[in-house]
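Peer 1: Next come the chains, spelled out residue by residue.
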Amino acid sequence: SLTKAYAATPTNLKIIDLYVVFAVATALVQVVYMGIVGSFPFNSFLSGVLSCIGTAVLGVCLRIQVNKDNKEFKDLPPERAFADFVLCNLVLHLVIMNFLG
Amino acid sequence: FLSKNGIYEFWNWFDDRTWYPLGRVIGGTVYPGLTLTAGSIWWFVNALNIPLSVETVCVFTAPIFSAIASWATYLLTKEAKGTGAGLMAAAILAMVPSYISRSVAGSYDNEAVAIFALVFTFYLYVKTLNTGSLFYATLNALSYFYMVCSWGGYTFIINLIPMHVLLCIVTGRYSSRLYIAYAPLVILGTLLAALVPVVGFNAVLTSEHFASFLVFIILHVVAFVYYIKGLLTPRLFKMAMTLVITVGLAVCFAVVAILVALVASSPTKGWSGRSLSLLDPTYASKYIPIIASVSEHQPPTWPSYFMDINVLAFLVPAGIISCFLPLSDASSFMVLYLVTAVYFSGVMVRLMLVLAPAACILSGIALSSAFDVLTRSMKFQLSKLFDDGPAIVRSSKNEKTEKSEAAPKEKQSKKNRRKDKEVTESVSVKPKKEKRLSVLPLEASIVSTLLLIALGGFYVVHCVWAAAEAYSAPSIVLTSRSREGLHVFDDFREAYAWLSHNTDVDDKVASWWDYGYQTTAMANRTVIVDNNTWNNTHIATVGTAMSSPEKAAWEIFDSLDVKYVLVVFGGLVGYPSDDINKFLWMVRIGGGEFPHIKEPDYLRDGQYRVDAQATPTMLNCLMYKLCYYRFVETDGKGFDRVRGYEIGKKHFKLTHFEEVFTTHHWMVRIYKLKPQKNRIRGKLKKLKSSSKTSSTLAAGRKKNPWQ
Numbered sequence: 001s002l003t004k005a006y007a008a009t010p011t012n013l014k015i016i017d018l019y020v021v022f023a024v025a026t027a028l029v030q031v032v033y034m035g036i037v038g039s040f041p042f043n044s045f046l047s048g049v050l051s052c053i054g055t056a057v058l059g060v061c062l063r064i065q066v067n068k069d070n071k072e073f074k075d076l077p078p079e080r081a082f083a084d085f086v087l088c089n090l091v092l093h094l095v096i097m098n099f100l101g
Numbered sequence: 001f002l003s004k005n006g007i008y009e010f011w012n013w014f015d016d017r018t019w020y021p022l023g024r025v026i027g028g029t030v031y032p033g034l035t036l037t038a039g040s041i042w043w044f045v046n047a048l049n050i051p052l053s054v055e056t057v058c059v060f061t062a063p064i065f066s067a068i069a070s071w072a073t074y075l076l077t078k079e080a081k082g083t084g085a086g087l088m089a090a091a092i093l094a095m096v097p098s099y100i101s102r103s104v105a106g107s108y109d110n111e112a113v114a115i116f117a118l119v120f121t122f123y124l125y126v127k128t129l130n131t132g133s134l135f136y137a138t139l140n141a142l143s144y145f146y147m148v149c150s151w152g153g154y155t156f157i158i159n160l161i162p163m164h165v166l167l168c169i170v171t172g173r174y175s176s177r178l179y180i181a182y183a184p185l186v187i188l189g190t191l192l193a194a195l196v197p198v199v200g201f202n203a204v205l206t207s208e209h210f211a212s213f214l215v216f217i218i219l220h221v222v223a224f225v226y227y228i229k230g231l232l233t234p235r236l237f238k239m240a241m242t243l244v245i246t247v248g249l250a251v252c253f254a255v256v257a258i259l260v261a262l263v264a265s266s267p268t269k270g271w272s273g274r275s276l277s278l279l280d281p282t283y284a285s286k287y288i289p290i291i292a293s294v295s296e297h298q299p300p301t302w303p304s305y306f307m308d309i310n311v312l313a314f315l316v317p318a319g320i321i322s323c324f325l326p327l328s329d330a331s332s333f334m335v336l337y338l339v340t341a342v343y344f345s346g347v348m349v350r351l352m353l354v355l356a357p358a359a360c361i362l363s364g365i366a367l368s369s370a371f372d373v374l375t376r377s378m379k380f381q382l383s384k385l386f387d388d389g390p391a392i393v394r395s396s397k398n399e400k401t402e403k404s405e406a407a408p409k410e411k412q413s414k415k416n417r418r419k420d421k422e423v424t425e426s427v428s429v430k431p432k433k434e435k436r437l438s439v440l441p442l443e444a445s446i447v448s449t450l451l452l453i454a455l456g457g458f459y460v461v462h463c464v465w466a467a468a469e470a471y472s473a474p475s476i477v478l479t480s481r482s483r484e485g486l487h488v489f490d491d492f493r494e495a496y497a498w499l500s501h502n503t504d505v506d507d508k509v510a511s512w513w514d515y516g517y518q519t520t521a522m523a524n525r526t527v528i529v530d531n532n533t534w535n536n537t538h539i540a541t542v543g544t545a546m547s548s549p550e551k552a553a554w555e556i557f558d559s560l561d562v563k564y565v566l567v568v569f570g571g572l573v574g575y576p577s578d579d580i581n582k583f584l585w586m587v588r589i590g591g592g593e594f595p596h597i598k599e600p601d602y603l604r605d606g607q608y609r610v611d612a613q614a615t616p617t618m619l620n621c622l623m624y625k626l627c628y629y630r631f632v633e634t635d636g637k638g639f640d641r642v643r644g645y646e647i648g649k650k651h652f653k654l655t656h657f658e659e660v661f662t663t664h665h666w667m668v669r670i671y672k673l674k675p676q677k678n679r680i681r682g683k684l685k686k687l688k689s690s691s692k693t694s695s696t697l698a699a700g701r702k703k704n705p706w707q
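One line per chain: the protein sequences are A and B, in this order.
As numbered in our numbering, the first sequence has no gaps in its residue numbers, which increase by one up to the final residue, 101.
As numbered in our numbering, the second sequence has no gaps in its residue numbers, which increase by one up to the final residue, 707.
Hints listed in this document are in silico derivations from the structure and should not be mistaken for laboratory results.
Mixed in with the good hints there might be a few duds.
Some chain B residues near chain A, calculated using beta-carbon distances under 8 Å [as the list claims (entries may be wrong)]:
{"hint": "1", "residue": "V45"}
{"hint": "2", "residue": "L48"}
{"hint": "3", "residue": "G132"}
{"hint": "4", "residue": "F135"}
{"hint": "5", "residue": "A137"}
{"hint": "6", "residue": "T138"}
{"hint": "7", "residue": "R173"}
{"hint": "8", "residue": "Y179"}
{"hint": "9", "residue": "I180"}
{"hint": "10", "residue": "A183"}
{"hint": "11", "residue": "P184"}
{"hint": "12", "residue": "L195"}
{"hint": "13", "residue": "F201"}
{"hint": "14", "residue": "T520"}
{"hint": "15", "residue": "N524"}
A few chain A residues that don't get close to chain B, going by computed Cβ distances all over 12 Å [what the hints assert, rightly or not]:
{"hint": "16", "residue": "T11"}
{"hint": "17", "residue": "I15"}
{"hint": "18", "residue": "L18"}
{"hint": "19", "residue": "T26"}
{"hint": "20", "residue": "V32"}
{"hint": "21", "residue": "G38"}
{"hint": "22", "residue": "V57"}
{"hint": "23", "residue": "Q65"}
{"hint": "24", "residue": "L87"}
{"hint": "25", "residue": "V91"}
For each residue, glycine too, the CB sits at the ideal point set by N, CA and C.
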């Protein structure tokens, strides 16, 4: 039922979903690694986890904006949404590189 | 320092001219926003070959930013309500006394840029909420970063916005724009906040930030729920929901239990002292005397509300009502901002500054809607007068925000002038495009408009007066009016000039922390404690020294390498904020760390006195002696103009200190620590034996100065 309904979503949205899942999985891997090894350079840990979660969040935002079923964003051309997404990611990664230590 | 050494040195600067002997890690304890802003303005202006000195830039930073803050207020109100309200709010903010107090030319404090950052961040948040664009979300995060750089009050933002998100979810106004507005802000904002050295890992570890993470998680859950709802049919959805809820609740309980255990194990439950004192107003007076002692941290009195925000105080409720029709995300945010700001400003006078923009915005909204109604009534009435038009006013389709009045409920007479009554809900009978707008009769509208304008006039007059009288005087040079005209008390500068000319560069000066920044800046000498007040124990040491008898105080100061002690004394001229009046706080703060200083020792029957009835501890402590040394020589009786009675101990000599300078009106007195006499060789056992033998040994020698 759920899987059937999900299969009906368009392909580009599914790609974004895959990207989001991958980002969250990476974050989980990092948390497990920290649990094993200890959190010594805490800023690196924080930066890594937050970067994964950040890209996940931005991916979800992109998905929201590109989704054709979403009535609020009817007028938004998908190119603009993607451009915003790229800009946000740039800022996020700039901050992360700075914080990585 | 920044302009001389560049920014990398700034981050690593270890200031050893203050808080001797600890020094202060400037890079790690100061909010860099203000300094960086002024520094970059200076650099930019000089790059254009306009030769401005750093001091000039610093002096003018505050007014420039307050002008920009006014523009930011316009933007914020425009997002909430429309351009008319925006203009009104900006005009009001431009003049409100509370904000002027922090942004006069020369007031170089964090709040000058912080309030601008606050309003601008809120504007970008509301804009993102309204448009749902990721671009504005990024800008929002960057503006939040600027706010974190500037002021400790950024925790207000990071708690207010989650509160608003929660409010929106709970009232059913969840939308994907909310997600876009909030989620990137949390992630980027936390990262950026952690970048600022002062905040560092506190951004994820302290309770002040937990609210944002909690709401982040909640938001994701809600978003997910909505998404699934969109995918499934209702029946399947119900099944999925029950499954998810049971699992989710279990996980939730586990996480919350862990969190609570973590937080409860730390003594202050993870909140910093300053935040705790905001939440529980009595906390500071019980546990941290130093926070309680700052006069700006006391709760404000009613007159100070009127003084600071004047007319706005009663325009604000009208604004709240006007925000509710129609209620949008943005206007609910305004109301929430105002309510929390009012609560916090009720705790500390200093936070009236945070209330000021909120009050201005809401009053701007109220005034603009009132003018809206009145001008519309006037237009309608005038047109009716001239061509007997239809009784129903068709609403203009361009206007997005309309206020409908309930005419039957209003008294249609000239007596109806209160704008509060005008803005109420009413029922629209016609189809959606046309609203039945009832109007007020012509005379009432005209009179109301004139009265509102007069109200605005009073406000302007008050603001100008407040700015001139209360907030413009530099606190270094005092003036008073007497029969002969303006009398100027320049004692502070006199004392600092003496210090900078007559002491060695490396000499350390001890005084109460109020004068720390001034001493470092104007006298250019190392001080022990200053206005930053980050180390309570150090301040308590100074406080203890001031409260102890001479020998003990000498020993404390000697261990700190102090050469000079500075006290402020207002008894000769009637200057009320001198050190004797602040003395009880010194006792309290010292007693907080060193239990042998007990406040009741200095009070007689619970009263603080320095006259003949004072306790011996009081009459012997260093502060008393340094303030009143030779005071009896001024008028023969030692009458203290501030306290209003004669002092207790009048004739005494100082054994461990010597007076080196007293300013013209005896306001600042500087004393030097007497160096220890060399020990008499070979005789260091009992005092009696040494004095006996020394008296026989050195016939013509001076008396032992320690007697």
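Peer 1: When the structure is checked against the list of hints, which entries are broken? Sort them ascending.
Peer 2: 1, 2, 7, 14, 15, 22, 23, 24, 25
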